[in-house]
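On the provided structure of chain A, position chain B as indicated by the hints.
Sequence lines, in order, name chains A and B.
Taken in order, the first sequence gives residues 1 to 476; the numbers are from this note's numbering.
Taken in order, the second sequence gives residues 477 to 952; the numbers are from this note's numbering.
In case anyone wonders, no lab produced these hints; they're calculated from the structure.
For glycine and all other residues, C-beta sits at the position ideal for the given N, C-alpha and C.
Be a bit skeptical, because a hint or two may be false.
[Stated by the list, open to error] Straight-line C-alpha distance at most 30 Å; calculated DSS-like pairs for lysine-lysine:
| hint | chain 1 | residue 1 | chain 2 | residue 2 |
| --- | --- | --- | --- | --- |
| 1 | A | K81 | B | K501 |
| 2 | A | K204 | B | K577 |
| 3 | A | K147 | A | K438 |
| 4 | B | K848 | A | K25 |
| 5 | B | K895 | A | K290 |
| 6 | B | K890 | B | K876 |
| 7 | B | K537 | A | K25 |
| 8 | B | K900 | B | K940 |
| 9 | B | K762 | A | K61 |
| 10 | A | K328 | A | K315 |
| 11 | B | K792 | A | K316 |
| 12 | A | K147 | B | K890 |
| 13 | B | K721 | A | K36 |
| 14 | A | K61 | B | K537 |
| 15 | A | K186 | B | K912 |
| 16 | A | K368 | A | K309 |
| 17 | B | K792 | A | K25 |
| 18 | A | K368 | A | K286 |
| 19 | A | K315 | B | K791 |
| 20 | B | K804 | A | K245 |
| 21 | A | K61 | B | K791 |
| 22 | B | K556 | A | K36 |
| 23 | A | K81 | B | K623 |
| 24 | A | K315 | B | K762 |
| 25 | B | K512 | A | K81 |
| 26 | A | K101 | B | K791 |
| 27 | B | K873 | B | K889 |
| 28 | B | K512 | A | K80 |
| 29 | A | K444 | B | K792 |
| 30 | B | K682 | B | K873 |
| 31 | B | K623 | A | K80 |
| 32 | A | K61 | A | K245 |
| 33 | A | K328 | B | K900 |
| 34 | A | K286 | A | K240 |
| 35 | A | K80 | B | K501 |
| 36 | B | K512 | A | K316 |
[Unchecked claim] Derived list of chain B stretches under chain A, where covered just means 3 residues or more per stretch with a C-beta under 8 Å from a C-beta of chain A:
| hint | stretch |
| --- | --- |
| 37 | 556 to 566 |
| 38 | 589 to 599 |
| 39 | 636 to 643 |
| 40 | 755 to 766 |
Protein chains: 2
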Amino acid sequence: MAIIKNEKITSRDNDFAQWYTDIVKQAHLAHYSSVKGCLVIEPYAYAIWENIQAVLDGMFKETGHENLYMPMFIPESLLKKESEHVEGFAPEVAWVTYGGKTPLEERLCVRPTSETLFCDYYSTIINSYRDLPKLYNQWCSVVRWEKSTRPFLRSREFLWQEGHTIHETAKEAEEETLRMLNIYKKFFEEYLAIPVLVGKKTEKEKFAGAEYTLSLEALMYDGVSLQSATSHYFGQKFSKPFDVKFVDRNNQPQYVYQTSWGCSTRMIGALIMVHGDDNGLVLPPKIAPKQVVIASIRNDENVLGAVDKIAETLKKAGLRLQCDVSDKSAGFKFAEYEMKGVPVRIEVGPRDVANNQVVIARRDTGTKEIVKFEDIERHVLALLDEIQANMYERALKHTKERTYTCTTLDEVKKIMETKPGFIKAMWCGAPECEAKMKEIRGMKSRCIPFEEEHIADTCIVCGKKAKHMVYWGIQY
Amino acid sequence: MAIIKNEKITSRDNDFAQWYTDIVKQAHLAHYSSVKGCLVIEPYAYAIWENIQAVLDGMFKETGHENLYMPMFIPESLLKKESEHVEGFAPEVAWVTYGGKTPLEERLCVRPTSETLFCDYYSTIINSYRDLPKLYNQWCSVVRWEKSTRPFLRSREFLWQEGHTIHETAKEAEEETLRMLNIYKKFFEEYLAIPVLVGKKTEKEKFAGAEYTLSLEALMYDGVSLQSATSHYFGQKFSKPFDVKFVDRNNQPQYVYQTSWGCSTRMIGALIMVHGDDNGLVLPPKIAPKQVVIASIRNDENVLGAVDKIAETLKKAGLRLQCDVSDKSAGFKFAEYEMKGVPVRIEVGPRDVANNQVVIARRDTGTKEIVKFEDIERHVLALLDEIQANMYERALKHTKERTYTCTTLDEVKKIMETKPGFIKAMWCGAPECEAKMKEIRGMKSRCIPFEEEHIADTCIVCGKKAKHMVYWGIQY
Chain A
1 MAIIKNEKIT SRDNDFAQWY TDIVKQAHLA HYSSVKGCLV IEPYAYAIWE NIQAVLDGMF
61 KETGHENLYM PMFIPESLLK KESEHVEGFA PEVAWVTYGG KTPLEERLCV RPTSETLFCD
121 YYSTIINSYR DLPKLYNQWC SVVRWEKSTR PFLRSREFLW QEGHTIHETA KEAEEETLRM
181 LNIYKKFFEE YLAIPVLVGK KTEKEKFAGA EYTLSLEALM YDGVSLQSAT SHYFGQKFSK
241 PFDVKFVDRN NQPQYVYQTS WGCSTRMIGA LIMVHGDDNG LVLPPKIAPK QVVIASIRND
301 ENVLGAVDKI AETLKKAGLR LQCDVSDKSA GFKFAEYEMK GVPVRIEVGP RDVANNQVVI
361 ARRDTGTKEI VKFEDIERHV LALLDEIQAN MYERALKHTK ERTYTCTTLD EVKKIMETKP
421 GFIKAMWCGA PECEAKMKEI RGMKSRCIPF EEEHIADTCI VCGKKAKHMV YWGIQY
Chain B
477 MAIIKNEKIT SRDNDFAQWY TDIVKQAHLA HYSSVKGCLV IEPYAYAIWE NIQAVLDGMF
537 KETGHENLYM PMFIPESLLK KESEHVEGFA PEVAWVTYGG KTPLEERLCV RPTSETLFCD
597 YYSTIINSYR DLPKLYNQWC SVVRWEKSTR PFLRSREFLW QEGHTIHETA KEAEEETLRM
657 LNIYKKFFEE YLAIPVLVGK KTEKEKFAGA EYTLSLEALM YDGVSLQSAT SHYFGQKFSK
717 PFDVKFVDRN NQPQYVYQTS WGCSTRMIGA LIMVHGDDNG LVLPPKIAPK QVVIASIRND
777 ENVLGAVDKI AETLKKAGLR LQCDVSDKSA GFKFAEYEMK GVPVRIEVGP RDVANNQVVI
837 ARRDTGTKEI VKFEDIERHV LALLDEIQAN MYERALKHTK ERTYTCTTLD EVKKIMETKP
897 GFIKAMWCGA PECEAKMKEI RGMKSRCIPF EEEHIADTCI VCGKKAKHMV YWGIQY
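Pulled out of the complex, with its shape left as it was, chain A reads as follows (with noise of 0.2 Å):
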């Protein structure tokens, strides 16, 4: 059975900026603020955002990870001493300048990221090798002075998570930079069941401050890349100018290894932009805040039992449950949950109670099936899984239908006018040559893969001898 239209949503092949921006709204995602370029983060998008926050400190727990807290302000004195960082951030923080009715001393930048506070930090708590590592992780919100700004994907203020972790061999280290990486691509794919791209960003592109920067990569529904997640290496290079030294095994003074990574409220972005239609959200199962939506069509006596019994046998299953026994009328019940992308409706009428049944409808697919009362909880639970696969299969088969092996800029340009995706191309590591490519549609590599495949020899953009193949794409 096909789904109906929604009328309040932009078709998102129509125009999917304006596509993006209702769902937003219609969906209760988020709501501008007084203050320009900050939301409200509404119930239901938090409430998301709980159940990535959820999962995604699990696996942190389980690798040794412990959190804290960092105050939000950092003295301007601090955030100068790391230089390529100051660089990078101070265009772009907001600045405190009184305190009450006193101006401050020193001004204090509202934090764009920590590293400089858990600098400071380590170089108080750090004596012998015996300290390191440490894994510490904080949940906080951040804030960067953006000039233009857009719900989830780019705003002044924005919720996040951070961990910082400083170790005694470069090795340690970068195995940790990795390891956080792989733990963010596990989450993508089997929570959010996003398909990523990884690998390490060019010089240009990494963070400011870092040794080298992997990152993670998606494509969303219309052809633009997504900058999903960082993971950090940073070396010595904080370590040093903050002085953050430890006693080694040979009881000589050494700096530390550190780390950083990172992902945020973007991630609602994200499944908005993969996984949703012209209905509007449409949610993976292991993420969506209700799971099952249990609608009634005409409240008499026996669709209200039958509602409550399935509620009762669902629940004891474990999964996160929604009733609707108000007396709006089935279609809007049905068009509610559609936009709000919840992964399965069961749908309970008089007739279907009589029948010993219920229709069960996936969100997914639209597609409807009629299940007898003692088989609804296999039934479900099942779906839930064939869901949350069958999400992630259709965007890994969209993402691969957009990626696209390049040679020749005019192939390049003709593709990001008509199906942009991710370009694979081959590159002489110049950054005049990552210029160039930017002139078309503002492309940017998205990064270089651990294992480049050998496209051709020279570079696509100035002909030179090659040095790496780079995924390219258009970005959020």
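Frame of chain A; chain B shown alone:
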């Protein structure tokens, strides 16, 4: 068996303030940061906070509340809309005046509390009585530019939750105000093992902008009171200036009735000051990050085998557990876990293992018992309940011993100079008499209890006719 005095901690009877500072430092709860008046909340304290959050958040959700997230900035014009509110908070807010290099058109304060933001949001999403109530809460950090600070008790930034609800009628909103106070009371008594007074704040002590404020007051070991949570009834005091209106059941426009309620990381300070002793923290089992530590005494094969076996059993029983089989001395290990306030310690040594037994020590009383292997699980589960109950009873006894009924200022003075605590005394209702009480070591009214006793006919200060029985105390 008596606990041996920990040398790193000042005795709490000699110098309570230094004792507090020593515990915060030695138990690795908080660390002063480079930002004056702001703290690093270290992993052990943050783990306590996570347990507090998990329980309270569950209680909020059970009573129908949803979480969301508001921006951390408030435009000055928004803060100014309710006149009492801005008077109360403007002197102690941090002001953001620059975004990058650009001066802001309107300065923004970092939220000291979010009534104004919630009102602004509510004014745009409420239309009809059908949209009510809204029962929202957020977990976040807030900033108040305090002059003198103290870890967890008063700092420029702290973590808290703030609930903000709007209702169709005054009655419903007042019920909510009381409901949330009672939830806090239950949480303090049943989880933190801290007895509390509840009642209404005087006009002078209420929240800036509230119709009235209800509060939870707890007595610390040194007899000083701590305002531990508050629940405010706003009536329509915010909804009018913020124009939060709805169409009621008679099709008439009405302003909503509003509440807010909050508690903070100050609770960690209360845990330290109510339960701690000269050997460090003493944590109630329901909130302790680790409920049991299994510490080996010498690490031979039999000991390690026994530790593993016991750990497996207790993990299966659902306990939060730590094993320490490091080669540190037994004395060092015991002192460390006493410092951290772990409720139960299981000591596993070679001689005991040979006899199929262990020594089990409880943190609250320091007593030890020999327990046979097969009885460990049963014994530990019962012991944790007993410790939780005993800690509450002990704190209640202390509070009762330090609660005095007074009819003259001389009595009050004498008590406050020797063994301070809560003072029950009559009051005429005049702010001048409250001011007079303040001359005694800065005493303030704590609250007017819901059930007032009749102690005397006249005000303890001025001798005029008494209106209320008030609890008074000096405060953190």
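Restraint status (C-alpha distance of K147 (chain A) to K890 (chain B) at most 30 Å):
violated (63 Å)
Checking one constraint from the list: CA of K101 (chain A) to CA of K791 (chain B), max 30 Å. Satisfied?
violated (54 Å)
Next pair to validate is K328 (chain A) with K900 (chain B); report whether the Cα-Cα distance is within 30 Å.
Status violated; Cα separation ~56 Å.
Given pair status - K577 (chain B), K204 (chain A), alpha carbons within 30 Å
OK: K204 (chain A) and K577 (chain B) at ~23 Å, within 30 Å.
When you check the alpha-carbon spacing of K804 (chain B) and K245 (chain A), does it fall within 30 Å?
holds (24 Å)
Between K900 (chain B) and K940 (chain B), does the CA-CA distance stay at or below 30 Å?
holds (17 Å)
Regarding the pair K81 (chain A) and K501 (chain B), is the alpha-carbon distance no greater than 30 Å?
holds (27 Å)
So if I understand the rule, the pair passes when the alpha-carbon distance is 30 Å or less; does K873 (chain B) with K889 (chain B) pass?
holds (23 Å)
Is it true that the CA of K792 (chain B) sits at most 30 Å from the CA of K316 (chain A)?
The hint holds at about 21 Å.
Can the restraint linking K61 (chain A) and K537 (chain B) be considered satisfied, given a maximum Cα separation of 30 Å?
holds (25 Å)
Next pair to validate is K512 (chain B) with K80 (chain A); report whether the Cα-Cα distance is within 30 Å.
The hint holds at about 18 Å.
Hinted pair K368 (chain A) and K309 (chain A), Cα distance within 30 Å:
holds (21 Å)
Of the numbered hints stated above, those contradicted by the structure are hints 4, 5, 12, 15, 17, 26, 29, 33, 34, 36, 37, 39, 40, listed in ascending order.
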